[in-house]
Structure formats: structure tokens, C-alpha cells
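Read top to bottom, the protein sequences are chains A and B. Under the working numbering, the residue at position 105 of the first sequence is numbered 105, and the numbers go up by one with no gaps. Under the working numbering, the residue at position 76 of the second sequence is numbered 189, and the numbers go up by one with no gaps.
I should point out that these hints are in silico values taken from the structure, not numbers from a laboratory. Don't take each hint at face value.
Beyond 10 Å from chain B on every Cβ pair, some chain A residues (computed) [what the hints assert, rightly or not]:
#	residue
1	N55
2	S58
3	H76
4	Q81
So, partial list: chain B residues that the calculated Cβ filter (under 8 Å) puts toward chain A [as the list claims (entries may be wrong)]:
#	residue
5	L156
6	F177
7	V218
Incomplete in silico selection of chain B near chain A, CB under 10 Å [as the list claims (entries may be wrong)]:
#	residue
8	S115
9	Q119
10	Y146
11	D153
12	G155
13	F158
14	Q161
15	F182
16	L196
17	A200
18	C204
19	A205
20	T220
21	A223
22	G224
Beta carbons are placed, not taken as given, at the ideal position from N, Cα and C, and that holds for glycine.
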Amino acid sequence: KNQVEQSPQSLIILEGKNCTLQCNYTVSPFSNLRWYKQDTGRGPVSLTIMTFSENTKSNGRYTATLDADTKQSSLHITASQLSDSASYICVVTLSGGSYIPTFGRGTSLIVHP
Amino acid sequence: DSGVTQTPKHLITATGQRVTLRCSPRSGDLSVYWYQQSLDQGLQFLIQYYNGEERAKGNILERFSAQQFPDLHSELNLSSLELGDSALYFCASSPSGAGGRGANVLTFGAGSRLTVL
Chain A
1 KNQVEQSPQS
11 LIILEGKNCT
21 LQCNYTVSPF
31 SNLRWYKQDT
41 GRGPVSLTIM
51 TFSENTKSNG
61 RYTATLDADT
71 KQSSLHITAS
81 QLSDSASYIC
91 VVTLSGGSYI
101 PTFGRGTSLI
111 VHP
Chain B
114 DSGVTQTPKH
124 LITATGQRVT
134 LRCSPRSGDL
144 SVYWYQQSLD
154 QGLQFLIQYY
164 NGEERAKGNI
174 LERFSAQQFP
184 DLHSELNLSS
194 LELGDSALYF
204 CASSPSGAGG
214 RGANVLTFGA
224 GSRLTVL
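Next comes chain A alone, as it looks inside the complex (with noise of 0.2 Å):
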């Protein structure tokens, strides 16, 4: 079992609309959690980085929430663009040890015109 689960596992919406991604994770020492954005073909590229003590943090229209008590994390998309179209990785990070991060197997987001 994926220690980290997102959902949904993928979504269609219109332009202009919001969304809200999820991400649960059971990985424990934590130490940050990050989202990313992956176009079809590319590498991912870091959109947020929360730490334990940080609930919220924004990134232009996205927006990364963290609950580290009932280890959730969303990622809310406001006034989507065509350009959203991609998919959105969770990824968390242990403390201590070797300090790999944990992907999740990400959210495919698809915004229609």
C-alpha cells in the first residue's frame, strides 16, 4: 500500500472553475511535504513546501493546505487555466534516515475550455 494516496485520481473541469486536490499520507517522522505539477512528458517542478508547523501556503492560484495532525494536505486551484491541465504530486519526506521523498501516484487534472 502507497503510503502516500491521492485522489481523486483524476478530474475534468472547466475553465475558470476551482478545485481541490487530496493527499493522505501515513509516512511518519515527517518532515515537509511538497506538491508538484507535472506536464504530460516533463519533469515535475515544486509548486509548494509545507513543514510540519505550516497549516497553509499559497503559490499564485494555488494554494497548499496541511493538517499534520490527521496527516492531509490539498491543494486548491482557483480560477483555473487551460495551462492547469497536468498532474499534481504529493510528495512526503521523512525526517531522519536518508530523507527520500515519498510520491504519491498524483492527480490528473484535465480543464476543458
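Assemble chain B onto chain A, guided by the hints.
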């Protein structure tokens, strides 16, 4: 341009063959990670090198090997290729190998798409 360079971008080969994928990390980054992404799958961690030494191993097959050279570039060698090895192979780099809020910011290359026929 992320600063992480991967070559080749595309590679088509036959089963049983051997290929080498190359990665140059972002300037100043000491750590290199290799990931495999099969069609519609998440990124699977293969192996990490830090300053020339193997730091961590993931789900890397025995047919695969990697190394990081003194100039910090890395190569991933895939041998006895099978159809199931067809995938995107990503290299990522980070400033250090462990610790800290920003230390493991991964910067990804554009990937090498391997097709095994």
C-alpha cells in the same frame, strides 16, 4: 530549463540490449536521484547518489546500475532490457543528501523516454 540535463531525450532499443542514460545535475547540487515512471504510474524511486557515493536504494532491479562521477554527473545503466522497462526515466538533483527544509528540494530533468521493442 530546470538546470538538470538528461540525455538522450528519446531512445528506442530491442529486448536484451543495454543502454546508458546520462544526467548532469543543477550547478551546485551534490545529490542525484533516479526515478522510473511507467505509463500512467507514479514516480518510482530507483537510487540516490550524494557526492559520488550511493546514499539510498529503492526498487532498482539487479539488471540496473548507476554511478555518480567526480564531476557529479550520473549515469544509469539498464541491461538485459525487457519490454516492461519501457518508461520515462527521470533524474533529479538537490543541494544536499539529507536534512533541512530546503535540502531535499528536487529539481527534475526533462526525462529520458526509453522504448523497448
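Okay, the hints, checked on the actual structure:
no.: 1; hint: N55; result: 15 Å, holds
no.: 2; hint: S58; result: 17 Å, holds
no.: 3; hint: H76; result: 22 Å, holds
no.: 4; hint: Q81; result: 22 Å, holds
no.: 5; hint: L156; result: 5 Å, holds
no.: 6; hint: F177; result: 17 Å, violated
no.: 7; hint: V218; result: 6 Å, holds
no.: 8; hint: S115; result: 6 Å, holds
no.: 9; hint: Q119; result: 8 Å, holds
no.: 10; hint: Y146; result: 8 Å, holds
no.: 11; hint: D153; result: 9 Å, holds
no.: 12; hint: G155; result: 4 Å, holds
no.: 13; hint: F158; result: 6 Å, holds
no.: 14; hint: Q161; result: 6 Å, holds
no.: 15; hint: F182; result: 21 Å, violated
no.: 16; hint: L196; result: 20 Å, violated
no.: 17; hint: A200; result: 12 Å, violated
no.: 18; hint: C204; result: 8 Å, holds
no.: 19; hint: A205; result: 7 Å, holds
no.: 20; hint: T220; result: 8 Å, holds
no.: 21; hint: A223; result: 5 Å, holds
no.: 22; hint: G224; result: 6 Å, holds
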